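J.: Residue strings, one per chain:
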Amino acid sequence: MIFSLMFAFIDLFIIIIFMAVYGRKKKYSEGMLLGVHIPAYAMQDPEVEAFLEDHNKRSKWFYAANVIISTAICFLNLFYFSAFITLWCLWLLFFCCGAFFLLFRDHRRMYDLKVKRGWQGASGSKIVVVDTNVSASGAKLPFSVLWHLPVLAAGTALTFVPGISRLMKYSASWIFILIFGSMFLLFFCMHLVTNRVRNKVYSNDSKINLQVNQLEKRVFSMVWLSGNYANLAAYAVFVYFTVKQEWMGSWALICYISIHTAVGLAVLAGMYYLSFKKKEILDTDDKPLFLDDDIYWKNGWYSNPNDKRLWVQDRFCSANYTTNMARPAGKILTIGTVAVVGVMLVWMCAMFLKIDLTPRYLKVEGEKVTVSAPFYSIDFNVDEIKDIELVDRLPEGSFTRTNGMSDNKQMLGKFEGKEAGELRMYIFRDYSPILKIELPDYTVYINSQKEGEAEQWYRELLLLSVQSDAPRGAESPHW
Amino acid sequence: MIIELNMAGEVPIYVQLRNQIVMGIGKGELKVGEKLPTVRQMALDAGVNTMTVNKAYQVLKAEGFIEIDRRHGATVRPAEDVSGAFREKLEEELELLSAEARLKGVEQSEFLALCEKIFSGMSPEWETV
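Chains as they are written, first to last, in full-length UniProt numbering: chain A, 1 to 479; chain B, 1 to 129.
Think of the hints as simulated: they come from the structure by calculation, not from any bench.
These figures come from a predicted structure and were not determined experimentally.
By construction, the Cβ of each residue, glycine as well, lies at the ideal position given by its N, Cα and C atoms.
One or more hints might be untrue.
[Said to hold, decoys possible] Label pairs and their in silico Cβ distance ranges:
#1 A/Lys331 to B/Asn6: 49 to 59 angstroms
#2 A/Trp147 to B/Arg40: 37 to 47 angstroms
#3 B/Phe119 to A/Asn204: 46 to 56 angstroms
[Unchecked claim] Cut-off 20 angstroms, straight-line C-alpha distance, at most; resulting in silico cross-link-like pairs (EDC-like, lysine to aspartate or glutamate):
#4 A/Lys207 to B/Glu29
#5 A/Lys287 to B/Glu4
#6 B/Lys35 to A/Glu438
Only chain A is shown next, with the shape it has when bound in the complex:
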């Protein structure tokens, strides 16, 4: 149930993010409606008004329907996990495709309407605009990446604090160092990318262009810098408590997580502040300059053979970057990413379906015993059996899964118990009895969902053991 609720919450989160980025009520902004440049007076056109109303209505229905469908799918988890995960992946696929289809189709309809009416630049513009004042100040706009160096120096010094290296033997300690290192690299690279982003021209007034570009670069570079300093603070918390009490306590862990959460909130706050301030500056502009490159966006994605850039700012979400599909690398990156994600999802569904649908059983053929399962099937000779026993439950104590899967319904694969040693589990939880087979290298635990099947396997093995004079179970079966 908790798992279902968790997935329902994740689904809601995904839908809200999509809705906020692609599905929110469309307004005329920066000379555009639905990513298409049109003159301001076109907003009063009855056809545009009707089109906009229609688009907003359909978006609302689409997202509302997806909330209901995705929540319903989550509760399938109560029955078959594989059926749930397969349907969930299919839902995610249709939801993503549906959201983009809804946006791209209406974007194209708007573009066609613009061409039909002959609104500005409808024939397609090949113009690139550069503001020399902004470009000449380019290097001064963002904060320097060199401000990350103190973080690197302090982080490296903290790693070599006496006592930390001794605790490295705990695998969990490595995770914190890994988190610090990867977060540092992420923020550093994001800062580099921010500094390399092309300056945009919004107005014929250079002051406005300079203000907006400076604001964008300063806010983003400050966000990445703050992120790295917060990363250092969180790492210092880990080092301090690890050295002081040999391990992070609950409060230290809460403090560590809170600092990282604050970074995420700072990024969101930075973006909100940026969009607010940007609008404020652009509203004062009386000489706006709209570069009409809609022809390169007419299908919803960017495809401009005259532009050598691979990454461009997304038309529908300015905080996003998308690839230039006119470049081979752009096609490879986009199609490759979609293909890799698709293959991974198909593979994951196939694995879960295999786990749920492949029968698991014990079969005896002559002297050979085979345990057939979705994964980690085994076979052994009857004379290898040291002991067989029917037990009501698994032995007390915890088991560590070394290879395989374990959820609230089953345990499958290789496990290790502190006292039980190496194990092979083919267990449906809440089903008994369980057949325990002791072999020289490991112990096998297997049961069945069919009533009487485990007992039947036990009898078969017991009979074979007697025939081959193999050692048998000390206890008698319980039925």
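Starting from the known structure of chain A, fit chain B onto it as the hints suggest.
T.: For chain B alone, kept in the frame of chain A given last:
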């Protein structure tokens, strides 16, 4: 100054860049003494190769419109035509333009008025320190 480049036009990008910078200096949109963007930044913002921008800057330098310093980059610094080479070039281009205007039925007075109007729109400015 706002520079507009037509990426699909017949005129090479470096020539467009050179022409726009010269016109910008002439109209006072780019002040004498003002720094031009670095080659790398201009290439990044225009989405063109650094070689293209470098070529435009070299042409501008050779024609005496800008100065390039290793440390300070490119600065608008038009030098007067002392050798008379520019006047020769001007005469050649005006001769061709006059011929074309005559053949297309433009009157002398109209041609001269147009020249005067465009020339009077040129007012180079010097950067105040």
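J.: Hint by hint, say whether it matches the structure.
T.: Evaluation of the provided hints:
| no. | hint | result |
| --- | --- | --- |
| 1 | A/Lys331 to B/Asn6: 49 to 59 angstroms | violated (26 angstroms) |
| 2 | A/Trp147 to B/Arg40: 37 to 47 angstroms | violated (21 angstroms) |
| 3 | B/Phe119 to A/Asn204: 46 to 56 angstroms | violated (24 angstroms) |
| 4 | A/Lys207 to B/Glu29 | holds (13 angstroms) |
| 5 | A/Lys287 to B/Glu4 | holds (16 angstroms) |
| 6 | B/Lys35 to A/Glu438 | violated (84 angstroms) |
In this structure, the hints that do not hold are numbers 1, 2, 3, 6, in rising order.
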